[in-house]
Each structure stands twice: as C-alpha cells, then as structure tokens.
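**Q** Protein chains in written order, with the working numbering: chain L, 1 to 170; chain C, 1 to 100.
What you were told as hints is all true, and nothing was included just to trick you.
Label-pair restraints from in silico Cβ distances:
id: 1; chain 1: C; residue 1: 91; chain 2: L; residue 2: 167; range: 48 to 58 Å
id: 2; chain 1: L; residue 1: 157; chain 2: C; residue 2: 92; range: 31 to 41 Å
id: 3; chain 1: C; residue 1: 21; chain 2: L; residue 2: 165; range: 42 to 52 Å
id: 4; chain 1: C; residue 1: 94; chain 2: L; residue 2: 92; range: 48 to 58 Å
It should be emphasised that the hints constitute simulated quantities derived from the structure, not laboratory data.
No experiment lies behind these values; they were computed from the predicted model shown.
The beta-carbon is built from N, C-alpha and C at its ideal position, and this holds for glycine as well.
This is what each chain is made of:
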Amino acid sequence: MDTLDAIFSRRSIRSFTSYSISETNLDTIIRAGAAAPSGGNAQPWVFISIMQARRIQALRAIAPGMGGQPTAVIALCVDESRASTPTGSPVFLTCYDLGGVMQNMLLAAHELGLGGCAVASFHAQSLATLLNLPGHIKPHLVLAFGKPSVVPAAPPKRGLDEIHFREKYG
Amino acid sequence: MNSKNSQELKNDLFYLIAYLITSARGLLDEPAEYGIYRLMDTTGRLLEIMEANQLMDDPFLQDLKNRISEEMAGSMDSQRQREKLDELLEMVSAEMSQRL
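Given these sequences and hints, build the entire structure.
**A** Structural data, given as structure tokens:
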C-alpha cells in the first residue's frame, strides 16, 4: 500500500474480531508512533500498551468512546518533564506532536491489515489509576486496535472549496 | 447458572456500572449528541453481557445485537442515525406487540 492509498482508505474502526494482534505488529505500530516529528524534537510522549483482556475490559469501562472490543490498546501520554524543549518550545505543541503519533500509529495499523480508532472520551484520573501513571505522566488519547469486523463507509467530508483557498482567504 | 458463571456475570455488570458512571461524568463536558452513542453502546454492552453469560437464547435479541453492533461501527452522521434508530424502534415495537 503506498502512502496516499493508506491515507485515503483508512477508516476509524469501532468493531473488531477476536483476532489477537501479534507482539511484532504491536511493536511496529509503537515504532511508527515514535517516528513522528515533535517540536524541538522533544519527543514528549510515553506510550502504554495494553493487551491483557481483563485490563482492556476495565479500560472499556472508563473510556466510553471506545467502540467494540479491541484486542490491543495504546494510551498516548505526555511526560510533562519533557514537554518543554531546552529552547523553550511551548507546552501546547505537545498536542500537535501527539496528533502526529496518532496518525502514524493508525496508518501503520492499516498497512498491517488492522484497524484502529482514536478515543478522547475517557476519564483521565481513572485511566491514570488503572495504568499506575505517576503525576507527571498525563494521558491525552487512547488508541484502540484490532482486526476490523466492520469497515465503515467514508464519512462525508467538507468540499475543498469550503476549506481551501488559494493565495488569500475568500 | 453455576457459581462460576454467576461470578462472571457480576464481574461484567460491575464493568458496565463503571462505564455508566464514567459516561455520566463525561457527558458534562462532551457534545450532547454523544449521549445517543452512550445509550446505544450501553444497549450493545448489555446484549454482549447476555451473550457472554449464555443468556442470549432469543433470536430477536441476537439480531438486535448484530444490528446495534453494525450501527456503532458506522461513522457519526446524525441524519443516518435518526433513520437507523427509527428503523430499530419500528422493529422493537413490532416485536413488543407480538409478545403482548
């Protein structure tokens, strides 16, 4: 699959089969995330991967945005001690950094024949408790992965004439 | 139901309760439309629990579970959602009438 095919054919997957993701594929997804760019190369992220069924069941309870029954979950966290670069890049850049991580991981999963969905609807404090996160590690996003059992149709997108302007706005 | 199954059921219901409390808290900060997904997801999760605990001997509920699962896997589109929910309710009300 070439890059553009992957970008245009990826869908948010919210329904999974019971197929277990291999350690090798999980490792590839993690490495794809870690390859994302970051402001000042701060790499402020920490990833927690979860594959134990019991733990995933508990995560589903505190992450209402998680659809279906994923067989692997990765929590994208920020290590706040690394969230500011030596040159003082602002902390808000970490959100953009995690956006790149998220997209890399979802595209890597798609390339591997898997599917995933980013979940922001979770209770951060409960997640921190479940994952034993120390105070300076903050969860920002949860990614659910598995083998897709339903691949939804492409959702409607705004026309380019609505979102793209040449040379100046309007 | 033996005691092992009963323990499993209690465990599944415990997680469902946690899910409901988390959803209630989340909806304070989330778009109101998400409430629709939480309620549909709760329905799906209840049916999942019934199936996992060998309580799904009803073909109608099995069919309903499959339809909800498909619906939850779809993209978020309020027009489609309205049509699908009306369709599901038509099915459920017809079944209720039959069961009277």
